[in-house]
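A.B. asks: These are the residues of each chain, in order.
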Amino acid sequence: MGDEVKLHGTWFSPFVTRVQIVLKLKGVEYEYVEEDLKNKSPLLLKINPIYEKVPVLIHNGNPIVESLIVIEYIDEAFSGPSILPKDPYERSKARFWTKFLDDKGMPPLWKACWSKGEEREKAKEEALESLKILENEIKGKKFFGGNKIGILDVTADFFAYGIPILEELTKIKLLTEDEFPCLLKWVTNYCNDPFVKEYFPVDDPLAKEYFPPKGPLSASYKVGLHQSPPHKHAFYGAAFLESQNRRPKYISDIPE
Amino acid sequence: MEESSSTSNSTSNKGVKVVGFWVSLFSQRVRWGLKLKGIEYEYVEEDINNKSPLLFELNPLYGKVPILVHDGVSFPESRIILEYIDQFWPHNPLMPLDPYHRAQARFWAKFADEKLLDPAWFVLNLEGEDQERAAKIVSVHLEKIEEMIKGKKYFGGNTIGFLDLVLAFIAYILPAWEEVASIKMVDPSKFPGIATWTDNFLNHPVVKTEYFPPKDQTLSYYKCRRHELLPLYKSYGNKIWTYIGTQ
Numbered sequence: 001m002g003d004e005v006k007l008h009g010t011w012f013s014p015f016v017t018r019v020q021i022v023l024k025l026k027g028v029e030y031e032y033v034e035e036d037l038k039n040k041s042p043l044l045l046k047i048n049p050i051y052e053k054v055p056v057l058i059h060n061g062n063p064i065v066e067s068l069i070v071i072e073y074i075d076e077a078f079s080g081p082s083i084l085p086k087d088p089y090e091r092s093k094a095r096f097w098t099k100f101l102d103d104k105g106m107p108p109l110w111k112a113c114w115s116k117g118e119e120r121e122k123a124k125e126e127a128l129e130s131l132k133i134l135e136n137e138i139k140g141k142k143f144f145g146g147n148k149i150g151i152l153d154v155t156a157d158f159f160a161y162g163i164p165i166l167e168e169l170t171k172i173k174l175l176t177e178d179e180f181p182c183l184l185k186w187v188t189n190y191c192n193d194p195f196v197k198e199y200f201p202v203d204d205p206l207a208k209e210y211f212p213p214k215g216p217l218s219a220s221y222k223v224g225l226h227q228s229p230p231h232k233h234a235f236y237g238a239a240f241l242e243s244q245n246r247r248p249k250y251i252s253d254i255p256e
Numbered sequence: 001m002e003e004s005s006s007t008s009n010s011t012s013n014k015g016v017k018v019v020g021f022w023v024s025l026f027s028q029r030v031r032w033g034l035k036l037k038g039i040e041y042e043y044v045e046e047d048i049n050n051k052s053p054l055l056f057e058l059n060p061l062y063g064k065v066p067i068l069v070h071d072g073v074s075f076p077e078s079r080i081i082l083e084y085i086d087q088f089w090p091h092n093p094l095m096p097l098d099p100y101h102r103a104q105a106r107f108w109a110k111f112a113d114e115k116l117l118d119p120a121w122f123v124l125n126l127e128g129e130d131q132e133r134a135a136k137i138v139s140v141h142l143e144k145i146e147e148m149i150k151g152k153k154y155f156g157g158n159t160i161g162f163l164d165l166v167l168a169f170i171a172y173i174l175p176a177w178e179e180v181a182s183i184k185m186v187d188p189s190k191f192p193g194i195a196t197w198t199d200n201f202l203n204h205p206v207v208k209t210e211y212f213p214p215k216d217q218t219l220s221y222y223k224c225r226r227h228e229l230l231p232l233y234k235s236y237g238n239k240i241w242t243y244i245g246t247q
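Chains as they are written, first to last, in my numbering: chain A, 1 to 256; chain B, 1 to 247.
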């Protein structure tokens, strides 16, 4: 007995968040260690010499890296509710879709947030293609995992809060009601799920207005930046504006 | 070399079909995986340079080989197929049994496809300084593989497994690309462990009995690819390096 579980991560990384949600779903107690990626600890470099990235899960001294691999490990190594489906076909399907999300879904979306001009337009096109595929996949389901959240929902975590931010800041609607009615419903369902809610602090009335996505972002991120730790949305909002060479009006320190 | 898969055998195990391409290293993984499990399958050749509608019907998102069709259900992505095969037919396990070693196998498989195979493809299709730079990246990453094989007969331990099948391209595809592109990537004096494993793998009693792409045709095929892709990749200039990562 006496499992020692440590998770090295950064508070704003969607790859870390997904692991935290899975640990919570599985009911695993762990110690969280915040890493400063601009100033990587010798420990991080030692335990993840190949990628030097987070998340890193250390279970009884054994390190496991790459978020999707970590999630499968947690599912196999600990007892508790299944994260991946048990049936071989459904399991393969889940692996396929999470790989799709990480290969074709996240990169253009991430790029669309931080790039400019033609590059951003191209990334947005690719992101929209992937969103159309996801819309098809979520049709008729509450979550990608069925009636409760599964590995694909958790992997798509960034879509739930990243897209609304991007839309607000670029003033361009990606998730329109016409084209993506099911995905929009999913965003609301996902963000209201009790396991997920912890990672979207909504105890501030202005932030509450923002989540589910509606209401002024600028208010929420202004407020968010004064919370501690900084509100994720505020971070992405501020960092986005920085990338566009526009300094957000009300903050003096942008969290990194 | 004749194919040993049973294309005419109608008693194939629950309707197992592999849609592949004769030289594709990804298709080959699946063929070896099924062979190691003793699962008979029907093989369907697909020309990836002239894709048929069937390919997009079975793999609508990517339109790529290999695709495993089992009982009418299709599975793309070679590593995912191997894990499916392993779970559905648990005898002669391909994956390690404990979660930690399974995680390690999955990690190295991902590493091999992203950090080894991608740069190696550029070694095949670039020249001059660019080619040398790509070869250096391959070499650095191969060192990690060399470290892993030390003291082991196979990456799976005493028996061949998932990681051996995923890394198999080191044993026969990289040497072909070396010959076509006139550059060394897997120097046996630098990587003695890998050299020994190559022999063990290619001479494995079961691996040996499965279809294997003929060497001469393999070389001709990749000569053609290099001829086509060299000018294209050259035109990308420095963008290539953002794709495979600088090191």
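Certain hints may be false.
The calculated lysine-lysine pairs, modelled on BS3-like cross-linking and capped at a C-alpha distance of 27 Å, are [to be verified]:
1) A:Lys6 / A:Lys40
2) B:Lys64 / A:Lys99
3) B:Lys234 / A:Lys132
4) A:Lys53 / B:Lys234
5) B:Lys110 / A:Lys46
6) B:Lys234 / A:Lys38
7) A:Lys139 / A:Lys116
8) A:Lys46 / B:Lys239
9) B:Lys144 / A:Lys111
10) B:Lys51 / A:Lys46
11) A:Lys46 / B:Lys234
12) A:Lys6 / B:Lys110
13) A:Lys148 / A:Lys122
14) B:Lys152 / A:Lys93
15) A:Lys93 / B:Lys51
16) B:Lys239 / A:Lys124
17) A:Lys40 / B:Lys152
18) B:Lys144 / A:Lys116
19) A:Lys93 / A:Lys185
20) B:Lys234 / A:Lys116
Treat the hints as calculated values from the structure; they're not laboratory data.
Every value quoted in this text rests on a predicted model; they were computed, and no experiment measured them.
A.B. asks: Hints broken by the structure, by number, lowest first?
C.D. replies: 3, 4, 6, 7, 8, 9, 10, 11, 13, 14, 17, 18
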